[in-house]
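For the sequence shown, UniProt numbering assigns the number 1 to the initial residue and increments by one for each residue that follows.
All clues given are correct.
Pairwise CB distance ranges (calculated):
hint: 1; residue 1: L395; residue 2: D445; range: 28 to 38 Å
hint: 2; residue 1: D428; residue 2: T244; range: 38 to 48 Å
hint: 3; residue 1: V269; residue 2: S392; range: 23 to 33 Å
hint: 4; residue 1: T291; residue 2: S392; range: 13 to 23 Å
hint: 5; residue 1: P293; residue 2: E166; range: 41 to 51 Å
hint: 6; residue 1: D274; residue 2: E166; range: 18 to 28 Å
hint: 7; residue 1: G415; residue 2: D199; range: 33 to 43 Å
hint: 8; residue 1: Y375; residue 2: I251; range: 39 to 49 Å
hint: 9; residue 1: D274; residue 2: T244; range: 56 to 66 Å
Think of the hints as simulated: they come from the structure by calculation, not from any bench. Just so we're clear, the structure is a prediction, and the values are computed from it rather than from any experiment. Positions of the beta carbon are idealized from the N, C-alpha and C atoms, including for glycine.
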Amino acid sequence: MAIKQLLSLARRSHKPSFSFTAARSSSSAASSLAPAESKEISPPPPTSMIYDRLAVEVKSKLQKLENPDPRFLKYGSPHPTMTSHTHILSPPKPRSQLCPMVFVWQLNLPYHPARQLLGEQTTYYAKVMDTNVFKALDILADILQNSKFQEHRISRERDVILREMEEVEGQTEEVIFDHLHSTAFQYTPLGRTILGPADNIRTITKDHLQNYIQTHYTAPRMVIAASGAVKHEEIVEQVKKLFTKLSSDPITGSQLVMNEPATFTGSEVRMINDDVPVAQFAVAFEGASWTDPDSIALMVMQAMLGSWSKNVGGGKHMGSDLVQRVSINEIAESMMAFNTNYKDTGLFGVYAVAKPDCLDDLAFAIMHEITKLAYRVSEADVIRARNQLKSSLMLHIDGTSPVAEDIGRQLLTYGRRIPFAELFARIDAVDPSTVKRVANRFIYDRDIAIAAMGPIQGLPDYNWFRRRTYWNRY
1 MAIKQLLSLA RRSHKPSFSF TAARSSSSAA SSLAPAESKE ISPPPPTSMI
51 YDRLAVEVKS KLQKLENPDP RFLKYGSPHP TMTSHTHILS PPKPRSQLCP
101 MVFVWQLNLP YHPARQLLGE QTTYYAKVMD TNVFKALDIL ADILQNSKFQ
151 EHRISRERDV ILREMEEVEG QTEEVIFDHL HSTAFQYTPL GRTILGPADN
201 IRTITKDHLQ NYIQTHYTAP RMVIAASGAV KHEEIVEQVK KLFTKLSSDP
251 ITGSQLVMNE PATFTGSEVR MINDDVPVAQ FAVAFEGASW TDPDSIALMV
301 MQAMLGSWSK NVGGGKHMGS DLVQRVSINE IAESMMAFNT NYKDTGLFGV
351 YAVAKPDCLD DLAFAIMHEI TKLAYRVSEA DVIRARNQLK SSLMLHIDGT
401 SPVAEDIGRQ LLTYGRRIPF AELFARIDAV DPSTVKRVAN RFIYDRDIAI
451 AAMGPIQGLP DYNWFRRRTY WNRY
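The task is simple: from the sequences and hints, build the whole structure.
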């Protein structure tokens, strides 16, 4: 997916004011909404929220907030291939032949553009004062439709991306999850990293970038969302005027996924390095897709397993049995459960960091508590996890930026923004029997994927982990 990066940087200003980030899609609780199996509770949306589908086939959704801090969010849903280069895309040159930040300085705009890359989505967003909303929207429209790809800039940015790859390789958690995806989804798009292989970066051309934009940046696959001091009707009219050059190619992200589905493979990858003091590993089962009816239950199960760090107090007093085992016995430096959703699959598991002599005990604790979800679940644990999940969902939208992000993500994945009343009703419908049923579907006697690095000689082998996905009970 190196084209994503080169497209970004080929049009980047020399000024350091831009902020670009790239990360794999995480298990954001607000993102894992799925259709309920029972009758859905769907109260009418508030009057401040309006849904509209524009004539140019771009979906638009706005939310009016008291905080006058509007954000515009463009979501695409690129489907990575061996020649994808999405990571190169970022704010390009506008029509004025100036970089966006220079263009903004001329207009005297307090403008904060950025781009975020996730596993299946790309976001362009800007934060401006309410008086500059339309100017910022015009800049974003220009970025997406009038990109300039000069050969000398593309060549220069190749080195920038390669250096960024070196920085990412120093972030051990990112490396673990990259390797976890590569082994869990071998020879499929989800097994490829966001930055892509170095060979792709070195061979990127202008034609690659233009072809990628024409294929993936189409109106049916794009959402424009805003939150803050904005008026829906005015934004709709501006979008109709500005976003006129987008292709109306009807091919959707779902169709691309069907052409190259993600297949989960039980496997492992281990990288021994005795020069570092701690070992890191992740154990994952195949999880649920965005729209899977059991995705809500997996969110609750993630909260039941919990997360913990040695640098944060309260471990032995936390409700999670796994956290109590880990903290009381001091067998880990940190651990966290994760639940990652994609369009047609997902990953559910635990990531942990520990000293080499604690790996055996830690592996046993993790596998015991995960597998226990299929056998023994208490009502108190489920209620606690449900409350924690609902709290995290509310905390997730604590500003205009996460609200706009939430709107865009949900419109892309579900075609609508699910009201919190409906979501909370689905969460409250998860009981111990639901947890055990879902655990039997995703965990009981299922293949697993493992990624580990560091001094991991003490980590049990794959068959040991696989054997502990079920209990022998007579």
